[in-house]
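> First to last, the sequence lines map onto chains Z and L. If you read the first sequence in my numbering, its first letter stands for residue 237, the second for the next number, and so on. If you read the second sequence in my numbering, its first letter stands for residue 170, the second for the next number, and so on.
Hints were generated in silico from the structure; no laboratory data involved. Hints may contain errors.
To be verified - Below, a list of computed lysine-lysine pairs in the PhoX-like style, where the Cα atoms sit at most 20 Å apart: (1) Z:Lys289 with L:Lys714; (2) L:Lys724 with Z:Lys330; (3) L:Lys559 with Z:Lys392; (4) Z:Lys286 with L:Lys569; (5) Z:Lys387 with L:Lys559; (6) L:Lys679 with Z:Lys286; (7) L:Lys782 with L:Lys797; (8) L:Lys559 with Z:Lys286; (9) L:Lys681 with Z:Lys289; (10) Z:Lys332 with L:Lys569.
What the hints assert, rightly or not - Simulated coverage check for chain L against chain Z, where a stretch passes if three residues somewhere in it have a Cβ under 8 Å from a Cβ of chain Z: (11) 337-346; (12) 632-641.
What the hints assert, rightly or not - Short, incomplete list of chain L residues facing chain Z, as computed with Cβ under 10 Å: (13) Phe233; (14) Ala298; (15) Gly300; (16) Glu306; (17) Arg357; (18) Ser447; (19) Asn458; (20) Gln565; (21) Gly657; (22) Lys681; (23) Asp734.
Even for Gly, the Cβ is constructed at its ideal location relative to N, Cα and C.
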Amino acid sequence: MSGNMTITLKIWVQKNVKTQGKFETIKVQHVSADMSFLEMLYIANEQLMKEGKEGVNFDHDCREGICGMCSLVINGLPHGPDHSITTCQLHMRKFKDGDVIVVEPWRAAAFPILRDCAVDRSAFDRIIMAGGFISVNTGNSQDANSIAIPKVDADKSFDAAACIGCGACVAACKNASAMLFVSAKVSHLALLPQGKVEKVKRVLSMVEQMDKEGFGNCTNLYECEAACPKEISVTNIARMNREYLFATAKHEDVVVSAGF
Amino acid sequence: MALDSKIPGGPIDTKWTNHKFELKLVNPANKRKFTVIVVGTGLAGASAAASMGELGYNVKSFCFQDSPRRAHSIAAQGGINAAKNYPNDGDSVHRLFYDTVKGGDFRAREANVHRLAECSNLIIDQSVATGVPFAREYGGMLDNRSFGGAQVSRTFYARGQTGQQLLIGAYQSMMRQVSLGSVKLFPRREMLDLVVINGQARGIIVRNLVTGELESHEADAVCLATGGYGNVFYLSTNAKGSNVTAAWRAHKKGAYFANPCYTQIHPTCIPVTGDHQSKLTLMSESLRNDGRVWVPKKKDDTRSPDQIPEDERFYYLEEKYPSFGNLVPRDVASRNAKLVCDKGMGVGSSKKAVYLDFAAAIDRYGKGSAPKGADAAKIKEVGEGIVASKYGNLFQMYQKITDENPYKVPMRIYPAVHYTMGGLWVDYNLMSSIPGCFVLGEANFSDHGANRLGASALMQGLADGYFVIPYTIGGYFAGTKLEKVTAGHVGFEEAKKESQARIDGLLKIKGKKTVNEFHRELGKLMWENVGMARNKAGLEANLKKIPELREEFYKNVNVLGSDGDFNQNLEHAGRVADFLEFGELMTFDALHREESCGGHFREEHQTEDNEAKRDDVNFSYVAAWEYKGDKARQELHKEQLTFDNVHLATRSYK
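Please work from the sequences and hints to get the whole structure.
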């Protein structure tokens, strides 16, 4: 039951991290409106392979919008023209017969291109490593209901924790800033009593690592929020800035009182 | 080798406690002398890496994704079970144990299931401590909901993203260990072989998926937490990358494969729409808390659902199973959906779907919460709001895929392959038949029998990783003599050569068909003959067709590009090659098991009202298959199952 749309793809191909990439044009036939965008790319790849050419490589995995692995800039928009979803949830009914669609990888100095449309996002893992956790070893926790958490706080924390770490916020930002990603993690943990203990050190370390990775600054354009498939709010950035300000003041206290 | 499950003696509720005491210990200063490889970073793998890192072992963690946070546990939606009894509705460790053994249709190991139930409460405590934002009530306490196969509310959840939140929790704990230096990360690596030296698992061969280089990694033990094999069906709710390769390679090195025919077909998935379909999407079982399942009573009824009056609707689960209603276990719900569709009552253009209807719940919630004197529209609005707060992300997902609004029209759902209860055989310590090779989470076979209950997979993954392996691996190290082995050992060189030869073999075929075409064909054979209903003729036909397809694959597949590059086509080819071997074993296992149990439904063995008919006299055993070479039939080893604490009975959810 293939469809009757024909799509022209202009898609980024690049052999590896060291070489120069370019756009390749592929005419994809028999596209149906019920296909997902990635299924359309599968058809394009099958077509290429039948001609003895390599398919285009792109990251994807769960196909349910939750793993955060898929990552395409479609017609200039990270995750494409539909709102609050990832590329894997985008369907071809958002396009029409004869459309030309430009497909690119995330573009940011901190996300080097590995091959075609697949990039290296390990910078995000290193930011989490810097402090995006609660230091509790397995086995020394108390009963889960021993600390009551107001529903409002738990819900707000959840809203921030919904981040899937895809990097669309960085790709959407003209400065390639990672503030939305980092602030979502800072907020998720700072809003819970369990996470408050380490909040000073956490925000300082995570921001320091973010800067080290080469992400740009935030200039309050909110492109990140518009591109975010999980509707992570920029209020998290404001919260992180407050946490950071508080932490720098507090940090000086700590340093002074320790006699440095 | 005879199977020794090493189940400790004594009463069921003291086995684990006594066993923990009896396990030998490795003193803290010596732990750093041991290296443990963990393959896979889902709930089982990430929690295992974190907890073993905390103990002081050197852990090396591998995953094929670009980041450990992406493993497919992340897609689990509905929740995680625990016997906390917070709702005061009569739950207990024993009840969770009982429900799970019964839900598994008496094909799981009692001792393992009891341990799982004991660990369940610790998991909730641990997860909350690591910052998992579970759903809460206004008083600040944790909220619970109901899942299939249970008459108590014991499921903890984080909206429709419980798996994501639990995985992020375990991932964060693991990343903390990475920062402390006890865990080393190796993302974008695919395990291609297990290295066995002197009969012990001593390392793995992986392909670096960015550079293409084959790497040898040595260790003192290897933990496989590599998930299930649902993608043998091509269409499943698994992630596209989920595969059987790591487990299959270990199997070929001596790890027995247990009960491969036990697969779970989940009742509530979005139906297939066409040939282009590459993946099926689950709609969480939690929706059956509030959704009512029905089909039109009339065959081939083409009226839209809102035009079908109440008395012309067949609420088949509620009518057939009044005490569990829409919350019967998954195998029962799936089979009944197939039954009504086979009788011509299915809906949608394919006629292979049933309705999951929220109208009654929206109305009930609306009436309960709308202000006094509210009109019908207001009641509906309030009701929809409450439903959205519970399942909003699932409704959005449904709408994006189908272009229909499930608040206004009933969802259309149909069963799809979701989870695999079978897996590598392990003893009570989670060790496979290869000493030093441990298997955790969905990749092993032990806890769910022939049917897994909803919200139990997350529980098992985290129990294995946080609370079982940290103890049992110490017992192994303390009681085993391990020679010093480096990655330069001839065992690694040979395994590497074999892996390279397989890659070269695939690249030089240069045939006419794509890897995906073969995968689809295999999937079709598996779904038709080893799917929801199986019979002798179909299974025998498969045993002919799969080897033919495999032969054609090695003559006519076209794998493009080179092995020295980032090459997804080559990755897929290797995985499909292993599925083509594995699918045959799965079929063979299904053919040999002349009974119906849980998700394994043999048409020859059913009761008059189409329920699964077990044969406890002849099949109350775990079928563990031993690889005997590519040309020989696999050898069957039986682990007899005994039920001393849950009375063997025909399951009834009526």
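> Hint by hint, say whether it matches the structure.
Results for each hint:
1. Z:Lys289 with L:Lys714: violated, 30 Å
2. L:Lys724 with Z:Lys330: Distance of about 40 Å is beyond 20 Å: violated.
3. L:Lys559 with Z:Lys392: holds, 15 Å
4. Z:Lys286 with L:Lys569: violated, 31 Å
5. Z:Lys387 with L:Lys559: holds, 14 Å
6. L:Lys679 with Z:Lys286: Status holds; Cα separation ~11 Å.
7. L:Lys782 with L:Lys797: violated, 32 Å
8. L:Lys559 with Z:Lys286: Judged against 20 Å, a Cα distance of about 46 Å means the pair is violated.
9. L:Lys681 with Z:Lys289: holds, 12 Å
10. Z:Lys332 with L:Lys569: holds, 17 Å
11. 337-346: holds (count 6)
12. 632-641: holds (count 3)
13. Phe233: holds, 9 Å
14. Ala298: holds, 4 Å
15. Gly300: It holds, given that the least Cβ distance between Gly300 (chain L) and chain Z is near 5 Å, below 10 Å.
16. Glu306: holds, 7 Å
17. Arg357: Since the shortest Cβ distance to chain Z is 8 Å, the answer is holds.
18. Ser447: Since the shortest Cβ distance to chain Z is 5 Å, the answer is holds.
19. Asn458: violated, 19 Å
20. Gln565: The hint holds - Gln565 (chain L) has a Cβ within 10 Å of chain Z, the shortest such distance being about 7 Å.
21. Gly657: This interface hint is violated because 28 Å lies over the 10 Å limit.
22. Lys681: holds, 8 Å
23. Asp734: holds, 7 Å
In summary, the structure is inconsistent with hints 1, 2, 4, 7, 8, 19, 21 from the numbered list given earlier, while agreeing with the others.
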